[in-house]
Structure formats: structure tokens, C-alpha cells
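J.: Each chain sits in its own coordinate frame; assemble them with the hints.
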Amino acid sequence: MLIRQISKELFKDYRFLFAFIVLCFLIILALLSAFSPYDPSFWFYVPRDLPPSWTNILGTSSKGQDIFWQATFAIRNSLIISVIAGVVSRIIAILVGLIAGYRGRTVDRVLMFLSDGFLVIPLFLIIVMLAMLIRDKMNIVTTGLLLAIFGWAWDARVIRSQILSLREREFTQTAILSGTGTVKLVLKEYLPYITPLAFSTLINNMSWAIGMEITLSIVGLTNMDIPTLGTMLKWSLNYQSLLLGRWNWLLTPVILSILLFIALYWLSISISEYLDPRTRVQRVGGE
Amino acid sequence: MFVKKYLIPRLLQYFLVIFLGITIVFFIPRMAPTNPVQRTISELKSRGTYLDPAYVEQMIEDLTELYGLSGSWFEQYKDFWQRLFTGDFGISFFQFPTPVIELIKTALPWTVGLLLCTTVLSWVIGNVIGGMAGYAHNKRWSKNLDVIIMVIRPIPYYIFALGLLILFGYVVRIFPIAGGATIGKTPSFTLHYILDVLKHAFLPALSMVVLGVASWFQTTKLIVQNVNAEDFVQYAQLGGIKERKIMFKYVIRNAMLPQITNLALSLGQILSGALITEIVFSYPGVGNLLFSAITTGDYNLIMGITALSIMAITTMVLIVDLIYPLFDPRIKYK
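Protein chains in written order, with this note's numbering: chain A, 176 to 462; chain B, 53 to 386.
Check the hints yourself; a few may be wrong.
Calculated pairs, PhoX-like style, for lysine-lysine (alpha carbon to alpha carbon, straight line, at most 25 Å) [stated by the list, open to error]:
{"hint": "1", "chain 1": "A", "residue 1": "Lys312", "chain 2": "A", "residue 2": "Lys238"}
{"hint": "2", "chain 1": "B", "residue 1": "Lys191", "chain 2": "B", "residue 2": "Lys294"}
{"hint": "3", "chain 1": "B", "residue 1": "Lys294", "chain 2": "B", "residue 2": "Lys195"}
{"hint": "4", "chain 1": "B", "residue 1": "Lys195", "chain 2": "A", "residue 2": "Lys183"}
{"hint": "5", "chain 1": "B", "residue 1": "Lys297", "chain 2": "B", "residue 2": "Lys195"}
{"hint": "6", "chain 1": "B", "residue 1": "Lys97", "chain 2": "A", "residue 2": "Lys312"}
{"hint": "7", "chain 1": "B", "residue 1": "Lys297", "chain 2": "B", "residue 2": "Lys191"}
{"hint": "8", "chain 1": "B", "residue 1": "Lys195", "chain 2": "A", "residue 2": "Lys187"}
{"hint": "9", "chain 1": "B", "residue 1": "Lys251", "chain 2": "B", "residue 2": "Lys157"}
{"hint": "10", "chain 1": "A", "residue 1": "Lys187", "chain 2": "B", "residue 2": "Lys191"}
{"hint": "11", "chain 1": "B", "residue 1": "Lys191", "chain 2": "B", "residue 2": "Lys301"}
{"hint": "12", "chain 1": "A", "residue 1": "Lys238", "chain 2": "A", "residue 2": "Lys409"}
Each pair of labels, with its calculated beta carbon distance range [to be verified]:
{"hint": "13", "chain 1": "B", "residue 1": "Lys191", "chain 2": "A", "residue 2": "Gln180", "range": "30 to 38 Å"}
{"hint": "14", "chain 1": "B", "residue 1": "Gln286", "chain 2": "A", "residue 2": "Lys183", "range": "29 to 37 Å"}
{"hint": "15", "chain 1": "A", "residue 1": "Arg342", "chain 2": "B", "residue 2": "Gln286", "range": "32 to 40 Å"}
If you are wondering where the hints come from, they were derived from the structure by calculation, not from laboratory data.
This one's a predicted model, so the numbers in the text were calculated from it and none came from an experiment.
Ideal Cβ positions, reconstructed from N, Cα and C, are used throughout, including at glycine.
Bound-form chain B, shown alone (with noise of 0.2 Å):
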């Protein structure tokens, strides 16, 4: 039954929206009313550089075929379908010989790393301290963090980040402000290596917990509160059980449930986040590659980050759903 009923049309909209978003992809870059190949001509005579026309004709259909613009739009549309499959996204234009998906691949452990830790240490926080302040919310502690929340709750996420690069990196000199580690050194797995990675992705993961925090506190508050009223709560404290086991097993424990499905749904806007982040702080990651990316006009790189973060983001979904009954044993797909 639970496959039937609940796992098959949710498999069904993840295909949809997955095919939904790389369709849209597809067809952004083809509604532009300048020819890609047209520009990076344009732009390399823009340069200086001589060309003879034959060699441009000959250029001009090699850059056609690169880009993957040969055919009609269904051929095309097919085409890319394909070449998605294999992991192809095809030439970068930045850099010009290497491929996009060699570019992403060295950006992506960054990202992934900065994304991972971040993610899961806000949540956790958020949703422990919310749930806290939430059941002590007649308490002054709890107010005072509620205004202190409000504050920085708002402030999106470049903002804040360039806040904190102000803040640290020029007027307290006390981390670096720029790249994932020290120019220069050789990666490895010694102990000096991985702290100056850690020291370099510290203001980036500072500026993306605390917002997080600051989003999953005030949920969880809210959420807490409206728990707290239940009459379990009020039959465990009639009931003598200590104050500490009914916050943390009575109250937090059920306020965390609908916060996963709430991960699950702020999944994106997280990424997104990371990115902004990323491109303040120079972090080698794929926001910076997003960055350079736009600058230079490189489309075939941002169709493959769009393209791999859509896919990314709704497998992430996908999982947080399917998993989500081990979490709540109240819920059995019958």
C-alpha cells in the first residue's frame, strides 16, 4: 500500500519537477535575442584579436556544435537530455577549453562541505534553543533572545555576510577574508592543512548559522508554544515528571517534526544562500564559480550549475520525505 498510494506519485513528482526545471533551462538561454556564438565572436574582436573570415565561418560552426546548437530545438532538446545524462554540460567559455563539469567538480567539495556542516549545525541550534526559549517563554532570557532573533532574522544573507567580513576581517583583523585556505599550500591531510581550511570557512559558516539559526528559533518557538498547550504536556507535569524530560522528550521531541519537512522545503533558499555567501567571502566554492560565471557571460556554466543544484535540491526533498516516517512513528502509510 505505501508504495501504491504515497511512493509511486511522489517518484512521479519528482521526475515532474526535475523535467520541469531542466526544461526550463533549456529554453531560457534560447529566448535571448543575441546568439551566443555571435557574442563570443563579437568579444573576442572586441579584444584586438585579428580574424580572417574564413577562419570565422569555421569558427562559427565549431562554437555552433560546441554549444550544442546544431539542429532544430527538438533535436537540440533531445540532445541535451542526452549529453545531461553523461554529465556533459559542455565547453566552459571562462576558461575556455575546460569542460563545465570538470569546473564544477573541483568547486563542489567546498560548497558541499560549507552547505553540509551549516545546514545540519543551524538546525540543530535553532531548533534546540527555539524549542527552549519556547518552553521557558514567560522567562526574561527568552524574551531578550526573541528581540535579539528579530533583529537578525531579516537581514538577508549578503548583508549580513559583508557585515561580518567588515566586522572581522577589517576593523578585527582576526581571519582571513578571502579563499578556502592559504594560497599556496599544498592540500593534505595534516593537521596545520585542515585547520587553515577550518580558519578560512569559519566567518563563511558563521554568517550562514547564524542566520539559519536565527529562522529555525523562531519556528520552533512558535511551534513549541502551541505544543506546550496540549493537555499531554499538562498531564506529564501534573504528572511530576522533571521539568528538563518534559521539554526535551515531551515538547522539542514532537516540535522537530514538522521542522524536518520545513528543511526539506528551505532546502533551496539554503543553497541559494550558500551561493551569496560564497561570493562574499571569495570561498573557491561553486557560488564564486556562479560569480565569475555571470561576469565573463558564461552560460554553459550557469545552465550546469542551475542544472545540477535543481537536481540536487529536489533528490535532497525526495530523501528528506522518504525518511521522514523513521523520525515519526505516528505516521504509517496505510
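So here's chain A without its partners, still in its complex pose (with noise of 0.2 Å):
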């Protein structure tokens, strides 16, 4: 009753729907990976550069594959590197904004001092320096824990700030003075409320590790021989897609992401608004 009640609320905002179309859409393009006639690795599989057409839907690339099966993989893989960098981001973000926040004191002075350095320092350039190192072990996965390590310290920042304000309710005095443990207090009556939070910004950061996936592809230092949205689009410009004029492959993976971007942001504003209580309220008082 509660979900249908929420995505009945949810629905009614445009950005919303539209965002939720276009996410089915694309999981359904990365889900047909499964179903493809190609083996992604494999070049020279086609005739090369065909304009679109009934047999290659988006044509074929001058490496000699098939761009509509190529883009479901890229989709594919694009989505499971943000989803373990989000995830496991997430996963430090909150461990360091409860210890920082229920611990207090040094604890917490040294984890905030920590993630103000991360939030200083330009990122970009670490993790360049980094993923030259693993250039040979660059993989879907060692791209997204990569990535998970510098994408927590703003929302630990976030989840600190919450559980600070928790800490201070009186629901916290009643249930140290009944006896409740600090790790059951913590994840019986914190977890709840830091799990929407935690949600939200976890759409934010996979759209920021799709970007930062993206961004080290075309600068060569993820593995060019997996499709992604990153090495798909390196792949055509290193082929001089944009002088030969050859649209059909190089905007295919930038329509896609420009898509994916989108839809995650709108997904993720849609949410927040729909958490925060002072809009909620506008929004049942306009009813």
C-alpha cells in the first residue's frame, strides 16, 4: 500500500516519469546485451563503416562491429562500474558520517579533516595518477572500486550532519537509558533514516562515475578492449569519426549518456524533493 501510495506521489512529478522511461529504456538496451548476436572483443566481425540499415539498426563501426549490440554492452558495463562505485562509496560514506557523527570528539575532527582534503584536492588528477598504476588491472571492477574510493567524502559530510541532529533527539536518551547497545541503536533507529538520504546520493554519484569513466577512457587509461560509454567513444575518435563525419558512431554514445545523465539527475532531484518535508508540504498544501 505504502510503494503504491509513494509512486503514485512520485509519478505525478514530470521529471519523474520521464526520468523512469528513460531508465527502463536503457536497462532494457543493457539487459539485450545478454541476447547479442556478437561477441563484443571480436573485430572484423562485419563489413566495416555501413550507414545504418534493417540488418546493423545503427550501422557498423570501422573496427568491424555492430554499434547498436556494441552500445548494449557499453550501457551494460557503464552501469554495473557506477553501480559498484556507488554502492561501495555509499558503503564508506556511511560508516565515516555515523562514526564521525555518533562518535564525536577526535574521531571525528580527523574523518571530517579527511574528506575536506578530499573535497579540496583536485580529484581528477589523483585518480589519473592512480589508475596509471593499475593501467594492466583496469577492469569493470578495479574501474568502479577506484572510482568508490574518492566518491564518499561529500556525502559522509551529509550523513554526519544528519546523524548529529538524530543524536540530539530524545529518542536517542530513551533508548541508551533503557539499555539499548550502541550497534543496535545505531542500526535499528539511525539506519532508517539515513537509508533514503544515502539513496539519493547514491544516484548522484553513479552519474559522477559514469562522467569520471568516461573522462579516463578518452584519456586511455581504463581497458579500451571492454565496452563502455567511455571506450566506445574513444574507439570512434581515435578512429576520426568527427573529421570523416561518421555520426551514427560517435553519437551513439554520447546521445546515450547524454540520456543517462538526465534521466539519474532528474531521478535523483525527483526523490529529494519528494524526502524533503518543506516542499512535501507546498506540495500537499497546492493539492
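T.: Structure (C-alpha cells):
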């Protein structure tokens, strides 16, 4: 019942509706990769540089690959990378935020100093240095983990401030006085408050990870044999599709990623607006 | 009191961040499974150069010295800091005997120019437009603008810059597609040359300004909507003060203050964005240098760029933090 009510309210927001439809479309594309007639790592499977036609919906690339099926793999892998990066960095962010917010004092200061440092330093350069280090071992999992190490700082702060305010509330005192252990208190009482927050930051972080993966691929630091949105774009630029005007190859990853970014962003703002009690009052009052 | 309560802890934090950042920069390449000296030599060999074994021995010694890899880690680390203060980042590998600092020096003015103009422009434009849209958030134009911004905002620097490049460099050929000035022109202070530079800088700058404005717009709009609900604004409205004056002097001025702090916090991201944009437009700045350094595996150069960026950005953040009371008279460090 609750889910039905929430979704009913969310679908009233045109941004949520759009994001939902686009994401469904992209996820279906990603799932289609399982039925691909071609292996994505093989070159010259099909004739090169064909324009779009019925047999090859989006044409073929200069590598002799079918662009449509290649794109399904690219979306799938980019999504996997972003989910790994997002989920792992969320775990770090929740842990850091919980510990810093609940323990306070020195632990808090040290952890917040760390996250401050992360916010200020141009992370892109550090990520580039690390990616160069493990260049030979870059695959979907390592790329995701690499991005996860750097994606938690901001959200840890958000979660920490939430915990700080929860700690001052009466129910914390009640729980402690009635003998609830710290672990139980945090898991049972605090986590439910943190989960929606973590979820809406998760989406933003996934979007960041996909963008970062594209950038890393463009500078040539990911495994070029694994099709992702980034490597697909890089290959098409490498084959001068910009100069030669092979728009079907170049624009496929560009448009797919723009759709993905907008959908993720709209999803996140519509959800966080839904979660924000102030705008919720406005909405209910408007009805 | 200001010095003791605020300045000293803040300075302490500043030096700690730099210290940690530089330490990370020092240790990352040393964790590498491959020795950069061996890699250099094997790359020379793979190019087909014949190397005499005795000569190779000598070269290994020289390169170890050059890359600052001789001695224990602690000695290297001490040495690294010493060289850092003299601006010595070692020798670049991809343009072999040139010191890293020379390469960065030639590239730096392009990046600083681009970064400074676009950051200031997008901050001011984004705040003013965002403030106006937030003040008139029930008007039609404000809502339409909001939708446009929501489409632009999530697109990352690389994709957006590439889109502009395709649009204005290939489809409608108005702007040059690469470089900082027309090749062969000698730099001079003539109107002709300056116009040429501006024309080349236009697309990179545009892509950064548009994305920057989009992000500042949204935060300002949110802040302004909150300021709008405050009592003093309603009081001013009831007192019959002109709308324009309320908007700029009462609302936007108050909303811009937190944005100064946000500017300081996002400088690192903006720099990363500038580097990426330069790569797209082959702009002759630090970003493009970084790109060549990555493709040739030039670790010294990457370390130099990263170390300098960390120092520059943390210093900028410190300056913004310290001059903040100038903008906000309410803050007195008691």
C-alpha cells in the first residue's frame, strides 16, 4: 500500500516520469546485450563502416562491429561500474558519517579533516595517477572500486550532519537509558533515517562515476577492450569519426550518455524533493 | 582573538592538507610494480634503438638519479620536498631533457587565463540569474529557465565540450576546432593577435561558463527561495521598497554569501573540468600537457602538475576563506 502511495505521488512529477521511462529503456538495452549475436571483443565480425540499415540498426563501426549491439554492452558495463562505485562509496560514506557523527570529538575531527581534504584536492588528477598505476589491471570491477575510493567525501558530511541532529533527539536518550547497545541503536534507530538520504546520493554518485569513467577512457586509462560508453566514444574518436563524419558511430555513445545523465539527475532531484519535508508540505497544500 | 581562534587552526589545516596531498603524490608512483627507469629503457629498446650493455648500466644509474629514485624512501622523500621548494620536479620524459617546470610554465598562462575568466564569469552570471529566477520563482520565464538548466546541469564537462565542438567546429564552422592561437602567429600585443586568441578561447570558455552557470544557478535559486521567506524581505515589501531594490540589495546579496564558500569548495572540481575541456579543444594549457603526459607515461610531469595543482587550489581556498569577512559584515572573529 505504502509503495503504491509513494509511487503515485512520485509519478505526478514529470521529471520522475521521464527519468523512469528513459532508465527503463536504457536498462532494457543493457539486458539485450545477453542476446547479442556478436561477441563484443571481436573485430571485423561485420563489414566496416556501413550506414544504418535493417540488418545493422545503427550501422557498423570502422572496427567491424555492429554499433547497436556494441552499445548494449557499453551501457551494461557503464551501469555496472557506476553501481559498484556508487554502492561501495555509499558504504564508506555511511560508515564514516555514522562514526564521525556518533563518536564525535577527535574521531570526528580526523574524519572530517580527511573528507575536507578530499573535497579540496583536484581528485581527477589523483585518480589519473592511481589509474596509471594499475593500468594493466583495469577492468569493470577495478574501475568501479577506484572511483568508489574517491566518491564518498561529500556524502559522508551530509550523513554526519544528519546523525548529529538525530543524536540530540529525545528517542536517542530514551533508547540509551533503556539499555539499548550502541550497535543496535545505530542499526535499528539511525539507519532507517539514513537510508533514503544515502539512496538519493547514490544516484548522484553513479552519475559522477559514469562521467569519470568516460573521462578516464578518453585519456586512455581504462581497458580499451571492454566496451563502455567511454571506450566506445574513444574508439570512434580514434578512428577520426569526427573528421570523417561517421555520426552514427560517434553520436551513439554521446546521446546515450546524455540521456543517462539527465535521467539519473532528474530521478535524484525528484526523489530528494519528495523526501524534503518542506516541499512536501507545499505539494500537499497545493492539492 | 581572531589570530588564535581562527587563523592559526585554519593555517594548520592548510599546511596539513598540502602535506598529505604531496605525500600521496610522492607515494603513488612508488607503489607501482614497474620501475620507471626499467620502463624507460625498455621503451627505448622497443623503439628499435640498439643499446650497448655498458651504456645501459650507466643509463640506469643516471636515470635513477634524474627521477630522484636513489637512496632509501625516507631520503627520497626528504629530497622530494627539498626539490619541491626550489620548483624542481625533475626532467620530463616525453620531451626528454626539458625540465618539467619549464613545460608547466609555458602552459600555465593559458590555463590560468581560461580558468580565471570562466570561473568569475560563471559565478557572477549564475548567481545573478539564479537569484532573479529564485525571486520570481512563480513567473513563467523562471520555470522555463529552470527546465533548460535541469537538462544542461548533469552533463559532464567532457561530453558537453565535445557537443559544442561538434556543433560549432564541424556542423556550423564558425570557430576554430583546436589550439590557442593560429599556428605560426607570433605572440604580440596587437589587436589582431588578441582577437585571434579570444576566438580560439571562445568555445572552451563557453562550455565551461555554461556548465558553471547551470550549477551556480540552481544553488542560488534554492538559497534565494529560502531568503525570500525571511521576515525582513516581507517587511521590506510591506514597507513599499522597490522590487528591484529588494531583489538585488536584500535578497541576492544575502544569497551570494554562502556561494562564496561554495566557490572555495568547488575550485578543485572546476580545475579538473578545465583540464578536461582543454583536452577536448587541444587548448595549449596544462590539461593538454597532462594528456600528453598520460599517453606517454611521463610520471614526473604528472606528479609536477598534480603537486602544483594541489598547492594552488588549497591556497586559493585559504584566500577565499580569509577574505570572507570582508563580504559578510556579520562575521566578526571574536
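J.: Confirm or reject each hint.
T.: Tested hints:
With a C-alpha separation of about 24 Å, the suggested pairing of Lys312 of chain A with Lys238 of chain A holds against the 25 Å cut-off. For the hint linking Lys191 of chain B to Lys294 of chain B, the alpha-carbon distance of about 18 Å falls within 25 Å, and the restraint holds. The straight-line distance between the Cα atoms of Lys294 of chain B and Lys195 of chain B is roughly 23 Å, inside the 25 Å bound, and the hint therefore holds. The straight-line distance between the Cα atoms of Lys195 of chain B and Lys183 of chain A is roughly 23 Å, inside the 25 Å bound, and the hint therefore holds.
Annotation: proposed proximity of Lys297 of chain B to Lys195 of chain B holds, straight-line Cα distance about 22 Å (limit 25 Å). Distance hint between Lys97 of chain B and Lys312 of chain A is fulfilled; the C-alpha atoms sit about 24 Å from each other, no more than 25 Å. Restraint check for Lys297 of chain B and Lys191 of chain B: the C-alpha separation of about 18 Å stays at or below 25 Å, so the hint holds. Our distance criterion of 25 Å between C-alpha atoms is met by Lys195 of chain B and Lys187 of chain A, whose separation comes to about 17 Å.
For a cut-off of 25 Å, the pair hint linking Lys251 of chain B to Lys157 of chain B stands: about 23 Å separates their Cα positions. Proximity of Lys187 of chain A to Lys191 of chain B is assessed by CA-CA distance (about 21 Å); at most 25 Å being required, the pair is judged to hold. Under the criterion of a C-alpha separation no larger than 25 Å, the hint pairing Lys191 of chain B with Lys301 of chain B is consistent with the structure, at around 20 Å. This hinted pair checks out: Lys238 of chain A and Lys409 of chain A have alpha carbons roughly 12 Å apart, not beyond 25 Å.
Lys191 of chain B and Gln180 of chain A have their C-beta atoms about 32 Å apart, which keeps the hinted 30 to 38 Å range intact. For the hinted restraint 29 to 37 Å between Gln286 of chain B and Lys183 of chain A, the CB-CB distance of approximately 35 Å keeps it satisfied. Between Arg342 of chain A and Gln286 of chain B, the C-beta spacing of about 34 Å keeps the proposed range 32 to 40 Å intact.
Comparing the model with each earlier hint shows no violations; every hint is respected.
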